[in-house]
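A.B. asks: Quick note: to get this note's numbering, add 2 to the position in the sequence shown (first position is 1).
Since the hints were derived computationally from the structure, they do not count as laboratory data. Being a predicted model, the structure only gives us computed values, none of them experimental. Incorrect hints may appear among the rest.
[Said to hold, decoys possible] Computed list of lysine to any residue pairs in SDA-like fashion (alpha-carbon distance at most 25 Å, straight line): (1) Lys283 - Phe160; (2) Lys296 - Ala313; (3) Lys296 - Leu89.
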Amino acid sequence: MSISAVAREAGVSTSTVSRFLKGELRVSPETEARIRSAMGATGFTSPRSSVRHLALIIPELSNPYFAQLTQAITDAAHHRDLEVSVLVSDGLEAREHRMVSACAQSARMGVDAILFASMTGSGALLTEVPEGFPFVVIDEKLDGPLAGSRHFVGADNFEGAYRATTYLLSQGHRRIAHLAGPERLGSARDRLRGYLRAMRDAGLDTDPQLVLEGPYSESFGASALSRVLRLDQPPTAVFAASDIVAVGLSSAAPMHGVSIPGDLSLIGFDGIEQGSWVTPKLSTVAQPVAEIAKQALDLLTTDGAPAEPAARLLPMELRIAGSVGAGPSPSS
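Please construct the entire structure, taking both the sequences and the accompanying hints into account.
C.D. replies: Set out below in structure tokens:
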């Protein structure tokens, strides 16, 4: 039976059924029940039924971005009748390796496919994934000779960082600090490159003292604020490579007598909900988590998946809120 037959039986449009089955559309519980009942009545089986049990390997859930990404993936998987097991690696390479190996090679795990987000960037674990096993890397690209052998879906970190820095420049800021992520991560390097390129395109030299590297944590953001304030020429704006770092900086600002954005403008990166909880609300470059989830699940299925490994960089959204103000006047 076709999707149109399911739609007629459920009393909804064909587009509604199609988008619901792809995980692109949330419907009310009543509408979902009608669609699933219609699928049973018409004998419709989704063509994406080769994968039933998905393992999602994620670095941590304490970082709100990864919690948000996990929620988006589990929501999208639910709409496709996929069972999801969430495994937390704590960002440890050895644990990432063990989890991938167990899921991909152990029949007792009952896993048909893997979505993998790394906090180490190490591609050595790809040797544990049998050829043909559905495996998609998300969020963080892997390094190594086998990195290009698997599908990847993530945000365009370079472009997002370039847009954030360019916006601060457009507001008159010239001394812009960058709180960078761990250098070992490709995403952090791409965000740093975007920042540096925007500064260079504006005809500005970058002061090395304005680039600080650290973990994606609130404590790093708080400590970085005290460090940049001690400079002979403190910045007037900060682009943080993670919202959670920006939240840490924002929370520490009152203790240093710093007004945001009066004294210091601030843009983060990720688009986590917690950014709207601080005062003023955090400006950010938002990751397209729903689209990452959708495209990654699309690639996990055998039907219609690209024959060659695909690398998909998705655009980000610049969201300006109260944490950015005008830069100093040229005479100041």
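A.B. asks: Which hint numbers does the structure go against, in order from smallest to largest?
C.D. replies: none
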